[in-house]
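So the protein sequences, as listed, match chains A and B. Quick note: the first sequence, position 77, residue 77 per the working numbering, numbers continuous. Quick note: the second sequence, position 44, residue 44 per the working numbering, numbers continuous.
Don't read these hints as lab results, they were simulated from the structure. A couple of the hints might just be wrong.
With a straight-line Cα cutoff of 25 Å, these simulated DSS-like cross-link-like pairs (lysine-lysine) come out [as the list claims (entries may be wrong)]:
1) K1/B / K9/A
2) K9/A / K42/B
3) K71/A / K9/A
Just so it is clear, the structure is predicted and the values come from calculations on it, not from any experiment.
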Amino acid sequence: NAGVTQTPKFQVLKTGQSMTLQCAQDMNHNSMYWYRQDPGMGLRLIYYSASEGTTDKGEVPNGYNVSRLNKREFSLRLESAAPSQTSVYFCASSYETGSYGYTFGSGTRLTVV
Amino acid sequence: KQEVTQIPAALSVPEGENLVLNCSFTDSAIYNLQWFRQDPGKGLTSLLLIQSSQREQTSGRLNASLDKSSGRSTLYIAASQPGDSATYLCAAPGYSSASKIIFGSGTRLSIRP
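Put together the whole structure using the sequences plus the hints.
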């Protein structure tokens with residue numbers, strides 16, 4: 001019963017470096033999401049994928065790209081990391097958008113120096 | 001635009017007390033409302049999901065109610081324990097933007113032994 005698995009759990013990047021955060025779910029959920037959590041700002045949606053093959057911007061998409069690789073996997077890429085992207089990133093999934101509850105991964109703590 | 005507010009931001013009570021956490025939302029046309037718990041440095045754990053057709057949900061010592069007409073939800077914790085200490089977040093989508101679930105900023109709860 002893994003649920004939503006995120007890798008890595010911790011990462012330190014230098015400004016300008018790129019990296020991909022991985023997320024996989026084994027609950028046969030259709031919808032997947034990436035959030036960032038910052039002190040005083042709460043959880044903000046970066047991108048989401050309502051179903052396999054679709055992706056849409058959330059509240060704070062600038063500086064990020066996503067790929068819905070298949071139904072299970074949804075990755076988040078930082079092409080050129082900036083200190084403002086220092087945050088905790090959470091992946092979540094739900095059976096469908098809207099009417100079903102969300103399951104969250106344990107998060108990736110990213111520091112950009 | 002859906003806005004979700006949680007008051008108070010922090011709450012400290014002695015062990016054994018019953019307590020209520022509040023969540024208010026501006027767009028009453030919601031599919032559901034979900035309560036989460038977040039321990040320091042951890043991910044979000046789903047506690048209760050209330051569908052729009054329901055008025056309350058119960059799980060053990062937790063009871064969540066939903067009043068769409070007033071735009072309010074409450075999380076009632078009975079006989080609080082030190083292990084209940086965590087941040088509690090509520091989240092609600094809206095019909096018009098059901099995929100963009102919006103989180104409150106959370107209530108940080110501390111139970112004093």
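Evaluated hints:
1. K1/B / K9/A: With Cα atoms ~33 Å apart, K1/B and K9/A exceed 25 Å; violated.
2. K9/A / K42/B: Holds, at roughly 10 Å.
3. K71/A / K9/A: holds (22 Å)
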